[in-house]
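Chain by chain, the residues:
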Amino acid sequence: MSPYEEIILDHWKNPRNKGRLAAPDLVGMEVNPLCGDAVRLELKVAQGKVTDVRFDGQGCAISQAAASLLTELIQGKSLAEVQTLEEKELLSALGGVIQTRLNCALLPLRALRKALQKLS
Amino acid sequence: MMDLAQIRGDFPVLKRLENGKPLIYLDSASTSQKPHSVILAESRFYQEQNANVRRGIYLLAYEATELYEAARRRVATFIGARSEEVVFTRGTTEALNLAAWAVGETRVSPGDRILVTEMEHHANLIPWQELARRKRAELLAIPISEEGHLDLAAFRKMLTSRTKVVAVTHVSNVLGTVNPISDIVEEAHGVGAVVVVDAAQSAPHMSLRVTELGCDALAFSGHKMLGPTGIGVLWAKSELLEAWPPFLTGGEMIREVWLDRATWADPPAKFEAGTPPIAQAIGLAAAVEYLERIGMDVVQTHGRELTTLALAGLQSRPHVEIYGPKKAEERGALVAFNLRGLHPHDVATLLDQEGICIRAGHHCAQPLHRRLGLAASCRASFHIYNTREEVEAFLEALDRVWEALR
Chain A
11 MSPYEEIILD HWKNPRNKGR LAAPDLVGME VNPLCGDAVR LELKVAQGKV TDVRFDGQGC
71 AISQAAASLL TELIQGKSLA EVQTLEEKEL LSALGGVIQT RLNCALLPLR ALRKALQKLS
Chain B
241 MMDLAQIRGD FPVLKRLENG KPLIYLDSAS TSQKPHSVIL AESRFYQEQN ANVRRGIYLL
301 AYEATELYEA ARRRVATFIG ARSEEVVFTR GTTEALNLAA WAVGETRVSP GDRILVTEME
361 HHANLIPWQE LARRKRAELL AIPISEEGHL DLAAFRKMLT SRTKVVAVTH VSNVLGTVNP
421 ISDIVEEAHG VGAVVVVDAA QSAPHMSLRV TELGCDALAF SGHKMLGPTG IGVLWAKSEL
481 LEAWPPFLTG GEMIREVWLD RATWADPPAK FEAGTPPIAQ AIGLAAAVEY LERIGMDVVQ
541 THGRELTTLA LAGLQSRPHV EIYGPKKAEE RGALVAFNLR GLHPHDVATL LDQEGICIRA
601 GHHCAQPLHR RLGLAASCRA SFHIYNTREE VEAFLEALDR VWEALR
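Going line by line, the protein sequences match chains A and B. First residue of the first sequence: 11, per the numbering used here; consecutive thereafter. First residue of the second sequence: 241, per the numbering used here; consecutive thereafter.
FYI, nobody ran anything at the bench for these hints, they're computed from the structure. Ideal Cβ placement from N, Cα and C applies to all residues, glycine included. Be aware that a few hints might be false.
[To be verified] Just the calculated beta-carbon pair ranges, DEER-fashion:
| hint | chain 1 | residue 1 | chain 2 | residue 2 | range |
| --- | --- | --- | --- | --- | --- |
| 1 | B | G514 | A | K98 | 45 to 51 Å |
| 2 | B | L254 | A | L19 | 31 to 37 Å |
| 3 | B | E632 | A | L19 | 22 to 28 Å |
Kindly generate the complete structure, drawing on both the sequences and the hints.
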């Protein structure tokens, strides 16, 4: 019955890169006060590349799975690639997200953009 | 006895299919569905009777005014009140804002005390917060027990000669708790405080008699009691309505106007500035007629039966946490709950796939959720058109949600 694609359930039940970094270079945090979803992203950067990434947070399956998947999408990527990552890339990596819950899926991306703000 | 199949046939939206499945609407505490007679009353007004009220000389306007005032009389009878004590507003929120503002203008001075409760909907909290801020008064919240009842011993200790008003909900929109209004009134009146009751969750489900409750003002909405949106009621004792200054000013609420001043019409017109929600008032009267034809006792019994079934089903599942009183007799027709470790939005989204609509979030009661240590909760609520089969389908679907996400 799940409208949640397998990939969402997988990342929800087995989150990747969850936790904190000892000394992150970039940190971004985003909260949805309406539902209590919270995502914190921490990045380690060297030679213009994301060398390590962690997320921490709490909330619904979609926001947390999206955060977990996002860490995989940006791990090892150049900062230029990470900065131009689009919403539709994350959504399609998630296998599509039901329209009533787009905000949940995009919360981690907003956290990432906050983290990147410190670059400019 | 009521014929549930026939009742369901009166609600056109229940014919809707959701993802190919019959709609199971369990969010009536948010807004109820509307029977055909209500929809028809509103559309008939626009098609055959539409004119502004209280100003036209022609027959059409006279008839519109008659219908509007007949709606007021019907609503007054519904709550055991006199019609001149019934003010039409846009909803409970506007009614409570009016009451808070008027109580503030007439009774509250710096250092006075305003009491609310920990279980209030934002609509019966923020107007009092704003009043306290404006008048530099003290705002205190009556605490709740672990099971979600008001702590009446604590309430008594909060009552002083400076307590001017107690604002309390009749039925909590999250816990379901039915508060002992007449006991609260007796204590509050003992120190000279007025009592304002938020009846948004009680008016749709039980017979209300304002004289028996004993409160000084009471507010509710049309849309939660099978009526239209955009119409609500503020009932208040005549002596208060006489003393209160108008909340909104403009047309319709005046007696005489000069360039530099004006005098007011008698209540309730004094509180109905501008063109009122005429069609909506007529729709509300049709909703009252519909409820009275079934009988409020039958409505209440039906809600309690479904709540009993839902409570028992939820309580038998160890991964479900329920908020509020454990007994259906102590509740309105709703249950808030969580599945351990799952976010309410995930639960609601998965139920939606099966055509089941529940509320998920903080239900406009953030301080209560904070008190319960929660970010959000799920809520299933019932009305006259819901069936035992729907509650059972909801419980079974909840098991599939748990299997999918646990």
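Problem set entry | Outcome of range test on Cβ distance (L254 of chain B, L19 of chain A; 31 to 37 Å) | Holds, since L254 of chain B and L19 of chain A (Cβ atoms, about 32 Å apart) stay within the stated range.
Problem set entry | G514 of chain B paired with K98 of chain A, Cβ distance criterion 45 to 51 Å | For K98 of chain A against G514 of chain B, whose Cβ atoms are near 47 Å apart, the range 45 to 51 Å holds.
Exercise. E632 of chain B and L19 of chain A, beta-carbon distance inside 22 to 28 Å?
Worked result: holds, 26 Å
Violated hints for the displayed structure: none, as all numbered hints are satisfied.
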